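J.: Spelled out from the first residue to the last, the chains are:
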Amino acid sequence: AQSVSQHNHHVILSEAASLELGCNYSYGGTVNLFWYVQYPGQHLQLLLKYFSGDPLVKGIKGFEAEFIKSKFSFNLRKPSVQWSDTAEYFCAVRGPTSGGSYIPTFGRGTSLIVHP
Amino acid sequence: KAGVTQTPRYLIKTRGQQVTLSCSPISGHRSVSWYQQTPGQGLQFLFEYFSETQRNKGNFPGRFSGRQFSNSRSEMNVSTLELGDSALYLCASSHGQSDEQYFGPGTRLTVT
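Each protein sequence line maps, in turn, to chains H and C. Residue numbering for the first sequence follows my numbering, starting at 1 and increasing by one per position. Residue numbering for the second sequence follows my numbering, starting at 117 and increasing by one per position.
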């Protein structure tokens with residue numbers, strides 16, 4: 001079955017520290033990749049996405065992610081986090097299932113707390 | 117542009133009852149997806165509608181159903197509610213099926 005794994009469930013950092021959140025997926029075929037963020041009390045919103053082309057994609061608020069096809073990974077990075085980055089981060093993959101559907105699967109999420 | 121709206125925001129139901137949740141997508145979006153979010157299972161895909169047709173379906177029992185109207189608004193229905201159906205139900209809309217999704221605030225359903 002298709003799955004998305006986020007390795008870090010809880011991450012605590014100090015401001016200015018660097019961030020890398022891991023995401024691995026198991027899908028055959030072409031996939032669309034996404035990172036979503038949910039700030040406290042707000043809706044889920046898109047951080048960045050990868051459909052094709054340059055595997056290094058840049059998103060909002062200084063976030064970037066690199067798609068490594070051979071490793072089935074799409075890790076999220078930010079060189080220097082801020083207190084306002086405190087949020088829940090979700091990796092999502094949309095790809096084909098064995099039944100022919102093309103459904104999105106979300107990881108379980110990573111809770112990031114940034115201390116000022 | 118107005119965002120995705122969901123009604124009601126909170127709902128309390130009793131086991132065995134049924135419930136209907138509503139979602140209004142962003143204007144111009146033709147795809148609407150529904151998700152169930154729980155602490156134990158995370159975000160799970162329920163189904164997706166595009167131009168009034170169900171295009172994809174997740175692994176949920178038949179008690180969960182939905183529909184989409186000609187104006188792209190969507191409803192989700194859960195019949196014979198169980199305690200385990202207590203969750204946050206999220207709706208997301210997009211232009212096309214594979215595009216980025218814009219999420220609504222969710223409907224918090226509590227089944228007692």
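You may find that some hints are simply not true.
Below are the DSS-like pairs computed for lysine-lysine, each with C-alpha atoms no more than 30 Å apart in a straight line [said to hold, decoys possible]: (1) C/Lys-173 with H/Lys-71; (2) H/Lys-49 with C/Lys-173; (3) H/Lys-69 with H/Lys-58; (4) C/Lys-129 with H/Lys-69; (5) H/Lys-71 with H/Lys-58; (6) C/Lys-173 with C/Lys-129; (7) H/Lys-49 with H/Lys-61; (8) H/Lys-49 with H/Lys-69; (9) H/Lys-71 with H/Lys-61.
No lab work stands behind these hints, which were simulated from the structure alone. Since we're looking at a predicted model, the values are computed, not measured.
J.: Does each hint hold? Answer for all of them.
T.: Against the structure, the hints come out as follows:
1. Distance check on the hinted pair: C/Lys-173 and H/Lys-71 sit about 28 Å apart at the alpha-carbon level, within 30 Å; holds.
2. Distance check on the hinted pair: H/Lys-49 and C/Lys-173 sit about 22 Å apart at the alpha-carbon level, within 30 Å; holds.
3. Proximity of H/Lys-69 to H/Lys-58 is assessed by CA-CA distance (about 17 Å); at most 30 Å being required, the pair is judged to hold.
4. At roughly 45 Å between alpha-carbon atoms, C/Lys-129 and H/Lys-69 are farther apart than 30 Å, so this suggested pair is violated.
5. Distance restraint check for H/Lys-71 and H/Lys-58: the Cα-Cα separation of roughly 20 Å lies within the 30 Å cut-off, and the hinted pair is therefore satisfied.
6. This hinted pair checks out: C/Lys-173 and C/Lys-129 have alpha carbons roughly 25 Å apart, not beyond 30 Å.
7. Proximity of H/Lys-49 to H/Lys-61 is assessed by CA-CA distance (about 14 Å); at most 30 Å being required, the pair is judged to hold.
8. Simply put, H/Lys-49 and H/Lys-69 have alpha-carbon atoms about 15 Å apart, close enough for the 30 Å limit, and the pair holds.
9. The straight-line distance between the Cα atoms of H/Lys-71 and H/Lys-61 is roughly 26 Å, inside the 30 Å bound, and the hint therefore holds.
Hint compliance for this structure: hint 4 alone is broken.
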